[in-house]
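Student: One-letter residues, chain by chain:
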Amino acid sequence: MSSKKFFLMFVLITVLSLVAAQCGSAPVPTAAPKAEPTKEEAKVEPTKEEAKAEPTKEEVKPESEKITLDTIVGTEPRSFDPSKATETTSIFFIRQMFVGLAAFDEKANVIPSLATEWKSSTDGLKWTFKLRNDIHWVHRSTDGKYEDLGIVKAQDVVYGVKRTLAPDTASEYAYVLYLIQGAEEFNTAGAAAATEPVTDTKTMTETVVATPTVDIKQLADNVGVKAIDDTTVEFTLKQPAGYFPNIAAMWVTFPMPEKAITEYGEKWTEAGNIVTNGPYTLKEWQHQASVYIEKNPLWVDAAKVQIEVFGGPINQEASTAMAMYEKNDIDIMADPGWPTPLADLDRIKGDPELSKELFIAPRLCTYYYGFINTKPPFDNVKVRKAFSAAIDRESLIKSVTKGEQLPAHSFAPPGIFGNVADNKAIGSYMIMDKYADQVTEAKKLLAEAGYPDGAGLNVKLMHNTSEDHAQIAQAIQSMWIEAFPKAKITIENQEFAVYLTTLLPATADADKPDIYRMGWCADYPDSNNWLNEVFHSKSVQNYSKFYNKDFDKLLEDAAFESDPTKRLKLYEQAEKVFMDEAGIAPIYYYTYVNMYKPWVKIVRSPVTGDPVDKWTIDWAAKKAARGK
Amino acid sequence: MFAYIIRRILWSIPVLILLALTVFVLMRAIPGGPFDFMGDKTMTPAIRKNLEYRFHLDWPFEWQFTSYILGDDVAGGMCRAMSFLPGCDVVQKSAGLGISKGLIRGDLGMAFRLRGRTVNEMVMETFPISLQLGSIATVLALLIGVPAGTMAALKQNSLIDYGASFIAILGLSIPPLVMGPLLIWIFPLTLDLFKVAGWGAKPPFILGVFPTSLGQDFWIYAILPAITLGTGFSAAIARLTRASLLQVIREDYIRTARAKGLREQVIIVRHALKNSLIPVVTVLAPLVVAVVTGTFVVERIFGIPGMGRHFVDSIGNRDYPVITGVTLIYATLLVAGNLFVDLMYGWLDPRIRYD
Numbered sequence: 001m002s003s004k005k006f007f008l009m010f011v012l013i014t015v016l017s018l019v020a021a022q023c024g025s026a027p028v029p030t031a032a033p034k035a036e037p038t039k040e041e042a043k044v045e046p047t048k049e050e051a052k053a054e055p056t057k058e059e060v061k062p063e064s065e066k067i068t069l070d071t072i073v074g075t076e077p078r079s080f081d082p083s084k085a086t087e088t089t090s091i092f093f094i095r096q097m098f099v100g101l102a103a104f105d106e107k108a109n110v111i112p113s114l115a116t117e118w119k120s121s122t123d124g125l126k127w128t129f130k131l132r133n134d135i136h137w138v139h140r141s142t143d144g145k146y147e148d149l150g151i152v153k154a155q156d157v158v159y160g161v162k163r164t165l166a167p168d169t170a171s172e173y174a175y176v177l178y179l180i181q182g183a184e185e186f187n188t189a190g191a192a193a194a195t196e197p198v199t200d201t202k203t204m205t206e207t208v209v210a211t212p213t214v215d216i217k218q219l220a221d222n223v224g225v226k227a228i229d230d231t232t233v234e235f236t237l238k239q240p241a242g243y244f245p246n247i248a249a250m251w252v253t254f255p256m257p258e259k260a261i262t263e264y265g266e267k268w269t270e271a272g273n274i275v276t277n278g279p280y281t282l283k284e285w286q287h288q289a290s291v292y293i294e295k296n297p298l299w300v301d302a303a304k305v306q307i308e309v310f311g312g313p314i315n316q317e318a319s320t321a322m323a324m325y326e327k328n329d330i331d332i333m334a335d336p337g338w339p340t341p342l343a344d345l346d347r348i349k350g351d352p353e354l355s356k357e358l359f360i361a362p363r364l365c366t367y368y369y370g371f372i373n374t375k376p377p378f379d380n381v382k383v384r385k386a387f388s389a390a391i392d393r394e395s396l397i398k399s400v401t402k403g404e405q406l407p408a409h410s411f412a413p414p415g416i417f418g419n420v421a422d423n424k425a426i427g428s429y430m431i432m433d434k435y436a437d438q439v440t441e442a443k444k445l446l447a448e449a450g451y452p453d454g455a456g457l458n459v460k461l462m463h464n465t466s467e468d469h470a471q472i473a474q475a476i477q478s479m480w481i482e483a484f485p486k487a488k489i490t491i492e493n494q495e496f497a498v499y500l501t502t503l504l505p506a507t508a509d510a511d512k513p514d515i516y517r518m519g520w521c522a523d524y525p526d527s528n529n530w531l532n533e534v535f536h537s538k539s540v541q542n543y544s545k546f547y548n549k550d551f552d553k554l555l556e557d558a559a560f561e562s563d564p565t566k567r568l569k570l571y572e573q574a575e576k577v578f579m580d581e582a583g584i585a586p587i588y589y590y591t592y593v594n595m596y597k598p599w600v601k602i603v604r605s606p607v608t609g610d611p612v613d614k615w616t617i618d619w620a621a622k623k624a625a626r627g628k
Numbered sequence: 629m630f631a632y633i634i635r636r637i638l639w640s641i642p643v644l645i646l647l648a649l650t651v652f653v654l655m656r657a658i659p660g661g662p663f664d665f666m667g668d669k670t671m672t673p674a675i676r677k678n679l680e681y682r683f684h685l686d687w688p689f690e691w692q693f694t695s696y697i698l699g700d701d702v703a704g705g706m707c708r709a710m711s712f713l714p715g716c717d718v719v720q721k722s723a724g725l726g727i728s729k730g731l732i733r734g735d736l737g738m739a740f741r742l743r744g745r746t747v748n749e750m751v752m753e754t755f756p757i758s759l760q761l762g763s764i765a766t767v768l769a770l771l772i773g774v775p776a777g778t779m780a781a782l783k784q785n786s787l788i789d790y791g792a793s794f795i796a797i798l799g800l801s802i803p804p805l806v807m808g809p810l811l812i813w814i815f816p817l818t819l820d821l822f823k824v825a826g827w828g829a830k831p832p833f834i835l836g837v838f839p840t841s842l843g844q845d846f847w848i849y850a851i852l853p854a855i856t857l858g859t860g861f862s863a864a865i866a867r868l869t870r871a872s873l874l875q876v877i878r879e880d881y882i883r884t885a886r887a888k889g890l891r892e893q894v895i896i897v898r899h900a901l902k903n904s905l906i907p908v909v910t911v912l913a914p915l916v917v918a919v920v921t922g923t924f925v926v927e928r929i930f931g932i933p934g935m936g937r938h939f940v941d942s943i944g945n946r947d948y949p950v951i952t953g954v955t956l957i958y959a960t961l962l963v964a965g966n967l968f969v970d971l972m973y974g975w976l977d978p979r980i981r982y983d
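Going down the list, the sequences are from chains A and B. Position 340, counted from 1, in the first sequence is what the numbering used here calls 340; the numbers after and before it change by one each time, with no gaps. When you read off a place in the second sequence, starting at 1, and then add 628, the result is the number in the numbering used here.
Incorrect hints may have been included.
[Claimed, not checked] Distance condition first, Cα-Cα at most 30 Å in a straight line; then the derived DSBU-like pairs of lysine-lysine:
no., chain 1, residue 1, chain 2, residue 2
1, A, 622, A, 601
2, A, 566, B, 669
3, A, 66, B, 830
[To be verified] In silico contact screen, one side only, chain B against chain A (beta carbon under 10 Å); selected entries:
no., residue
4, 824
5, 878
6, 974
Read the hints as simulated data drawn from the structure, not as lab findings. Using N, Cα and C, we set each Cβ at its ideal position, and we do this for glycine too.
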């Protein structure tokens with residue numbers, strides 16, 4: 001064998017495998033008349049069903065002419081099942097495809113959606129929602145045909161709520177429904193039965209305990225949600241809750257299509273199976289590769305919806321997404337894709353064209369440093385206050401985070417019901433006009449606490465492993481060292497799940513850092529989801545172990561109160577106590593740092609899931625830009 | 629030889645089960661369970677309990693493993709028959725929820741994070757794409773690496789040798805993390821050639837792995853990642869081929885061949901190169917397996933929906949079935965690759981026998 005033949009062998013193998021692949025392709029149906037391959041067409045791949053189906057007479061609009069907004073999808077959506085979604089990407093798409101009783105407007109206020117109005121009984125325990133009767137369930141077959149499956153009824157809402165709560169559904173967000181009567185009992189029935197200890201390990205006696213027969217059906221019937229008639233749903237709560245309309249706007253209370261769920265089981269959310277009731281429906285979901293939704297032509301306001309197709313490939317790398325954006329492959333750098341990468345921000349701000357496409361808006365999240373309130377020296381409020389005051393939030397935002405975030409001086413950010421972001425008197429020690437004054441104050445507090453210039457302090461700051469968190473931690477560390485030159489401040493990081501385990505209230509204080517990094521984003525825009533769900537002394541999220549009797553009482557009162565004015569007042573007091581005690585050091589309120597091509601016109605919502613049905617696109621301009 | 633192959637295959641079964649057990653133990657030993665957190669929030673205890681119940685994580689460890697290997701219906705059956713076994717009370721309560729039919733029936737279980745998805749589905753969707761990319765990169769690496777190494781060895785200490793070695797070192801030392809974005813910047817962004825990200829082939833694949841079309845639409849996506857992946861790979865092959873060939877051409881049997889008066893071409897290709905490929909093939913097998921099962925960085929940079937992400941993401945998510953599943957796939961291929969290499973030895977070097 002000559003050396004030439006040797007190389008030929010490799011070439012041959014390659015060619016053969018290519019030929020094999022080509023030959024094999026014959027029996028697989030290819031797209032009907034293959035016209036110029038355009039970007040839009042590349043996305044559409046015929047499926048088996050399409051090949052089998054009889055050729056449809058009524059011709060569907062060619063894909064390339066459908067008004068399409070291209071994005072990338074930041075990660076494989078976890079589930080399009082409203083009972084099971086937990087993360088931004090899934091929730092974003094669910095809000096396009098389903099409507100619930102209530103929704104959120106551009107200012108994060110609760111507004112009517114499927115329900116036109118609601119009212120609570122005088123004791124605040126019974127909530128009645130009146131439903132509109134012109135929202136329909138629709139099914140889109142894989143060949144693009146739509147079928148009307150009837151009006152969305154009160155019974156569908158009841159089914160949805162109970163399905164979220166059913167133990168077998170194993171919904172993560174089921175806990176937000178625990179305020180409904182009988183909900184917790186129903187949800188925990190399976191696990192409760194399963195975790196009963198049976199064998200006494202000490203005496204090694206085998207006690208045969210009969211399986212506690214839990215009547216699941218009875219528990220389901222006991223849940224306080226019922227359909228009075230086709231258009232009226234009534235919820236019975238365990239306790240009064242002024243924030244209940246927020247819960248009615250969450251995806252876990254959405255109506256769900258019982259028939260499709262029963263028919264397809266876990267697979268009901270696949271394209272072709274899914275039945276939806278919103279402005280869009282699922283067109284294509286190539287798992288781990290791409291997601292596309294399509295305008296629902298049977299939607300009540302379909303005439304007002306311009307964008308016909310929305311979606312794109314799944315891409316987990318923000319910098320690659322940015323390259324695609326600059327190449328006009330995608331139209332937005334925003335949910336459900338990636339925000340603008342931090343590394344590109346300076347360049348974008350300096351670019352006359354790109355800077356115009358940059359869009360920064362408040363986001364319902366707060367970045368904070370927590371103190372372990374029970375671990376000396378941070379059991380001393382003066383030490384906590386000193387460390388909080390010595391953070392120069394303005395310059396951190398300017399030189400590290402760069403996204404025009406707002407310096408935080410309370411927990412709940414603007415947009416959350418009960419936030420005090422405008423009341424500069426609360427937490428004033430962290431937002432003085434001059435940072436130098438904050439440092440003076442911090443030094444004074446620390447000296448009073450017995451640590452002049454930080455002498456004798458050995459502080460461990462911990463964050464979960466991430467380049468962004470590391471940069472912020474280093475910046476703040478240097479601020480602290482400058483303010484308290486004699487203190488020893490070290491930074492550690494841990495992988496996220498390990499980190500959360502370290503911070504759990506059950507972990508011994510000795511194994512914990514003194515200061516930890518954390519963030520909180522709204523599940524629903526009400527302070528109950530903030531102060532109460534995070535820092536109430538009984539909350540599992542309360543890593544700081546902050547405890548103040550008055551604070552807990554204020555939060556409980558606010559949760560039970562139905563009068564909005566009184567609730568606002570209570571949350572204001574709670575924030576004041578929290579900041580006076582310096583339970584945590586809030587750092588900044590997040591912003592969305594997004595980019596939109598000039599031909600895209602958007603309506604934003606600070607709550608996850610912008611209303612894409614209200615967006616518009618200058619189709620001619622987009623085609624022109626892509627054609628060049 | 630046939631007996632040898634059978635023996636090797638039978639031996640691999642306990643190896644794979646032991647591996648599954650190791651991954652099982654190791655993953656559960658890391659602090660933080662799959663349902664301890666939700667996004668960046670701590671899971672409500674009642675909800676965590678319910679999820680652990682749903683996915684059998686409340687079962688004693690040995691029962692979880694039994695169920696993983698044999699299936700939860702079998703575990704449930706064992707418990708019905710022998711209810712005195714420790715832990716059976718818990719097993720019997722949720723054995724009917726149907727999480728896994730067991731490894732022996734080819735079921736890798738149900739993913740924790742992606743709801744309602746099985747690990748089998750996730751592998752079937754992503755593995756073919758990683759395999760396509762990895763195969764192209766391998767072919768590319770061989771086409772460049774072997775000739776480059778051979779030439780460098782034959783013209784030792786010449787300009788060709790130094791040039792090839794320099795390029796090889798360069799190829800080895802530029803990581804994909806740098807090479808990928810660099811290629812994206814040069815080709816799609818500056819020259820408007822090829823695609824930034826994505827993959828040109830979509831399921832259904834022919835025979836489960838081959839793309840249905842290998843036209844331009846395929847290559848505009850595949851070229852850049854294949855180059856990124858293949859460069860370092862080909863550099864490794866070139867260096868190995870060169871070193872090995874240099875050693876072989878000094879062997880006695882090469883001198884004998886020369887003494888017989890054989891043509892130089894025959895000596896090099898039939899006697900020297902073939903024999904010198906033994907170390908190359910030895911190293912190649914695990915490298916190829918690593919490349920075709922998905923490379924996290926390259927797939928991520930080029931937005932390729934391959935299997936590489938599961939090796940990394942599933943650890944962060946504590947998605948036990950996924951990490952165990954992809955590790956088993958990797959291990960199976962590795963075992964197969966090593967067997968193939970061992971069989972190749974006999975062909976490459978007639979002195980090797982299988983007894």
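Student: The structure should be examined with respect to each hint, and the outcome stated for every one.
Tutor: Hints, verified against the model:
1. For the given pair, residue 622 of chain A sits about 12 Å from residue 601 of chain A by alpha-carbon distance, which is consistent with the 30 Å threshold.
2. Straight-line distance between C-alpha atoms of residue 566 of chain A and residue 669 of chain B comes to about 29 Å, which keeps the hinted pair within the 30 Å bound.
3. For the proposed pair residue 66 of chain A and residue 830 of chain B, the alpha carbon gap of about 22 Å is at most 30 Å, so the pair holds.
4. Given hint, residue 824 of chain B at the interface with chain A, holds; its Cβ is 5 Å from that chain's nearest Cβ, closer than 10 Å.
5. Checking residue 878 of chain B against chain A by beta carbon gives a least distance of about 19 Å; that is not within 10 Å, so the hint is violated.
6. For the restraint placing residue 974 of chain B at the interface with chain A, the shortest Cβ-Cβ distance is roughly 18 Å, beyond the 10 Å limit, so the hint is violated.
Checked against the numbered hints given earlier, this structure breaks hints 5 and 6; the rest are met.
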